[in-house]
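Number of protein chains: 2
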Amino acid sequence: MSEKEHAFSGPSSAAIPVKGFDVAGIHCGVKPTGALDLALIASSIACRAAAVFTKNAFPAASVLYNRNLLHMNPEGTHSVVINSGNANACTGAEGNANARRMAEGAEKSLGIPDNTSFVMSTGVIGVQLPISEIEEGIPKVAARFRPDGWQEASEAIMTTDVFPKWASKQVVVGGQTVTITGISKGAGMIHPNMATMLATLVTDAVIAQPLLQKALTVAVNRSFNRISVDGDSSTNDTVLMLANGAAGNQEITEKGADYDAFVEALTAASMELAKLIVRNGEGVTKFVTIQVEGAGDDGEAHQIANSVVKSSLVKTAFYGHDANWGRILGAVGYSGATVDPTNAQLFIAAGQPEAGSKELQLVDAGTPTGYQEEDASAIFAESEISVRLSLGLGEGAATVWTCDLGHNYVSINAEYRT
Amino acid sequence: MSEKEHAFSGPSSAAIPVKGFDVAGIHCGVKPTGALDLALIASSIACRAAAVFTKNAFPAASVLYNRNLLHMNPEGTHSVVINSGNANACTGAEGNANARRMAEGAEKSLGIPDNTSFVMSTGVIGVQLPISEIEEGIPKVAARFRPDGWQEASEAIMTTDVFPKWASKQVVVGGQTVTITGISKGAGMIHPNMATMLATLVTDAVIAQPLLQKALTVAVNRSFNRISVDGDSSTNDTVLMLANGAAGNQEITEKGADYDAFVEALTAASMELAKLIVRNGEGVTKFVTIQVEGAGDDGEAHQIANSVVKSSLVKTAFYGHDANWGRILGAVGYSGATVDPTNAQLFIAAGQPEAGSKELQLVDAGTPTGYQEEDASAIFAESEISVRLSLGLGEGAATVWTCDLGHNYVSINAEYRT
Chain A
474 MSEKEHAFSG PSSAAIPVKG FDVAGIHCGV KPTGALDLAL IASSIACRAA AVFTKNAFPA
534 ASVLYNRNLL HMNPEGTHSV VINSGNANAC TGAEGNANAR RMAEGAEKSL GIPDNTSFVM
594 STGVIGVQLP ISEIEEGIPK VAARFRPDGW QEASEAIMTT DVFPKWASKQ VVVGGQTVTI
654 TGISKGAGMI HPNMATMLAT LVTDAVIAQP LLQKALTVAV NRSFNRISVD GDSSTNDTVL
714 MLANGAAGNQ EITEKGADYD AFVEALTAAS MELAKLIVRN GEGVTKFVTI QVEGAGDDGE
774 AHQIANSVVK SSLVKTAFYG HDANWGRILG AVGYSGATVD PTNAQLFIAA GQPEAGSKEL
834 QLVDAGTPTG YQEEDASAIF AESEISVRLS LGLGEGAATV WTCDLGHNYV SINAEYRT
Chain B
474 MSEKEHAFSG PSSAAIPVKG FDVAGIHCGV KPTGALDLAL IASSIACRAA AVFTKNAFPA
534 ASVLYNRNLL HMNPEGTHSV VINSGNANAC TGAEGNANAR RMAEGAEKSL GIPDNTSFVM
594 STGVIGVQLP ISEIEEGIPK VAARFRPDGW QEASEAIMTT DVFPKWASKQ VVVGGQTVTI
654 TGISKGAGMI HPNMATMLAT LVTDAVIAQP LLQKALTVAV NRSFNRISVD GDSSTNDTVL
714 MLANGAAGNQ EITEKGADYD AFVEALTAAS MELAKLIVRN GEGVTKFVTI QVEGAGDDGE
774 AHQIANSVVK SSLVKTAFYG HDANWGRILG AVGYSGATVD PTNAQLFIAA GQPEAGSKEL
834 QLVDAGTPTG YQEEDASAIF AESEISVRLS LGLGEGAATV WTCDLGHNYV SINAEYRT
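One line per chain: the protein sequences are A and B, in this order. Each residue of the first sequence is one higher than the one before, counting from 474 in the numbering used here. Each residue of the second sequence is one higher than the one before, counting from 474 in the numbering used here.
Heads up, a few of these hints could be off.
[To be verified] Chain A regions said to be covered by chain B (calculated; three or more residues, Cβ under 8 Å):
| id | stretch |
| --- | --- |
| 1 | 519-530 |
| 2 | 616-624 |
[What the hints assert, rightly or not] Stretches of chain B that chain A covers, calculated by requiring three or more beta carbons in the stretch to come under 8 Å of a beta carbon on chain A:
| id | stretch |
| --- | --- |
| 3 | 574-587 |
| 4 | 609-623 |
| 5 | 739-753 |
| 6 | 825-839 |
| 7 | 875-884 |
[Unchecked claim] Label pairs and their calculated CB-CB ranges:
| id | chain 1 | residue 1 | chain 2 | residue 2 | range |
| --- | --- | --- | --- | --- | --- |
| 8 | B | Gln834 | A | Gln601 | 16 to 26 Å |
| 9 | A | Asp813 | B | Lys728 | 35 to 45 Å |
| 10 | B | Glu868 | A | Asn588 | 49 to 59 Å |
| 11 | B | Gln834 | A | Pro612 | 49 to 59 Å |
| 12 | B | Gly865 | A | Gln601 | 21 to 31 Å |
| 13 | A | Asp733 | B | Thr690 | 53 to 63 Å |
| 14 | B | Glu868 | A | Pro620 | 51 to 61 Å |
| 15 | B | Val691 | A | Glu737 | 37 to 47 Å |
Hint data in this document are derived by calculation from the structure and do not stem from the laboratory. In this text, a Cβ means the ideal position worked out from N, Cα and C, and glycines have one as well.
Build out the structure end to end from the sequences listed, making use of the hints.
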């Protein structure tokens, strides 16, 4: 599918360079199509790092490598090298050795110490990496290094993605403007708890490493862990953050106003990257926000929202412009969370939820209101839809973002390798 | 979609009548198409009853009605009246009153006491039943009563089903041949823990009511609760069993050889009905058996198998004839069950699993074997596929049956109400 045929498009403004970071992308030979397939991001100044990894019990070689590196060297890394076209997952000892060779290739090309480069891979599972092509490519991508290479790098990490994804935020902390810029990829195998989704964020902020990790965890839980394309979480999912301190702000060493401002900016950047992944969902024609409120607690609200966004029946109804809310309540009912059918209210609206948006109430006290079917269909015909479920049980709330399930999802995934 | 275009077909032999039971189906006016939409099954002799109901937190009116009736009168019921085209779910107090009116209509028409008829409904959620049409239809369907009306009754409970489903088994218990005949429906919203799936089984066996319930629970857990079409379980799922004792066998009053023989026959009939539901899955072109063995325990094996059969990525790969086993291991990895990636073995074969069937091993010790892609694709091109995952951790095992996810699933479900 070309970008032109896709219902949504990518970022509308350019990424903002981050002091001290260079970035580039090239085609090295992993993808037979000749498309960009190798990205390199590095800081000349040593970085504090933080990361969130997939919980999949079959973690890819890169996940194992990065977990170990982060544990070993949380304050002195420089770079991340990323290939697309091959996930280096389910590849055993040879896969682990290849992940190390990728990292060593980056370290050698950049003239940085051993054990200072992270690695990521995304693409087909169970095939060994063409490691020679990657090793030959690394010096070439390093030769293209520049501060504004973000678009090219984000193109180089795409698989079934239709458009490249980046986001930038700036915020004043400790008396200085700091910049956060990130890229992400992902279009299928997308579900909370990390999906076939890679993201790298870099910042020039000065922030203690434990707080950087806390901030990233908070941001990921409010963004990447709140999106679902198809309910599959993958072997490779990683969100990595590098902070080189080049902004020279007074160091963030504890929770407080500066930390909060940083978290807010990081969360905003992460949400933009996460929502771009949903908009880029395979075969997607709808961007849907599901809000659950009045659940027993936030965990139950999230459980209910997840059950709804995993339902193929709900998602084909979005695709078919069919306001078949019975399927939504059905999925709520089998979520395992506590609900009271006689208390449930369901509302829909066009667009993303915002104050004053005009809602149509479909269900009151668990039964249909007297709404007009054509009003509901008109809302479901929009490309952005909001669904709000109010349960009347407690204070628990959660918001997730998802998409529809259409013919093109099937086409893309039935023919992925063939 | 017509039956002719569907990849699979229904039962190959006729249902066997059961002593004392009459059955029929008609069009009464629920379905605008004029197709059969009302079935009635009844015994002139009072029946012991057993049932398994949906665990959905939004149970339909019929589920609430039947749960109460079974509790109140487990040994003296006579009949079940079933409509298709409307699920009478999320319909509040009016829906509950309509379920009662359906039951009372059957009781009046058949001249049987109050509180002796079960009710079932299947179809669209959230619309009130056209109760007058059903009340007028009940005497008409009763007027067509005969012992061999099973095909007509099973047609009358279809929704998106392509073919009617029935199964019969006979077994000697307590010195007499007893017959079990059942019908089922279901094509979407199909997942373990009962789906939009209705089944009614009747038998002339003499069996104590508590044992009848035990036998049904065992049979359901080995059959209806082991199938998945799309991971959605519904508001209406019910398996009902009526036993009128007309066979005159020595009563089954305790566990032993007679009970075991009865359970075996009932399980066989239930498995036939359940597998017919998968074969009838919406847009289905593949019937897939997933066997998990070597898991920590049976529960973990089932959890792993369920995670695989709920994956849209796995199911589109079946549809696309793509032996993309990385998606299978990915789904195993996020199941939440304990696995050891370095121990996993994966095998595929054409057909249903049987002793001596020729398997192709795709994965050994968590990494690909040197199998030939064309051999794997040839197996995935078959209409019946078996997948066996061996985990090497313990004795836990489970088998589930599922199908592929294709363009027609999307078409059927995007256009269900429109």
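Results of checking the hints against the structure:
1. 519-530: holds (count 3)
2. 616-624: It is violated, with 0 qualifying residues against the three required.
3. 574-587: violated (count 0)
4. 609-623: violated (count 0)
5. 739-753: violated (count 0)
6. 825-839: Check passed, 3 qualifying residues.
7. 875-884: Held - the stretch 875-884 of chain B has 6 residues with a Cβ nearer than 8 Å to chain A, which meets the minimum of three.
8. B:Gln834 with A:Gln601: 16 to 26 Å: Holds: the Cβ-Cβ distance is about 18 Å, inside 16 to 26 Å.
9. A:Asp813 with B:Lys728: 35 to 45 Å: holds, 39 Å
10. B:Glu868 with A:Asn588: 49 to 59 Å: violated, 42 Å
11. B:Gln834 with A:Pro612: 49 to 59 Å: violated, 40 Å
12. B:Gly865 with A:Gln601: 21 to 31 Å: holds, 23 Å
13. A:Asp733 with B:Thr690: 53 to 63 Å: holds, 54 Å
14. B:Glu868 with A:Pro620: 51 to 61 Å: Given range 51 to 61 Å: holds, Cβ gap about 59 Å.
15. B:Val691 with A:Glu737: 37 to 47 Å: violated, 56 Å
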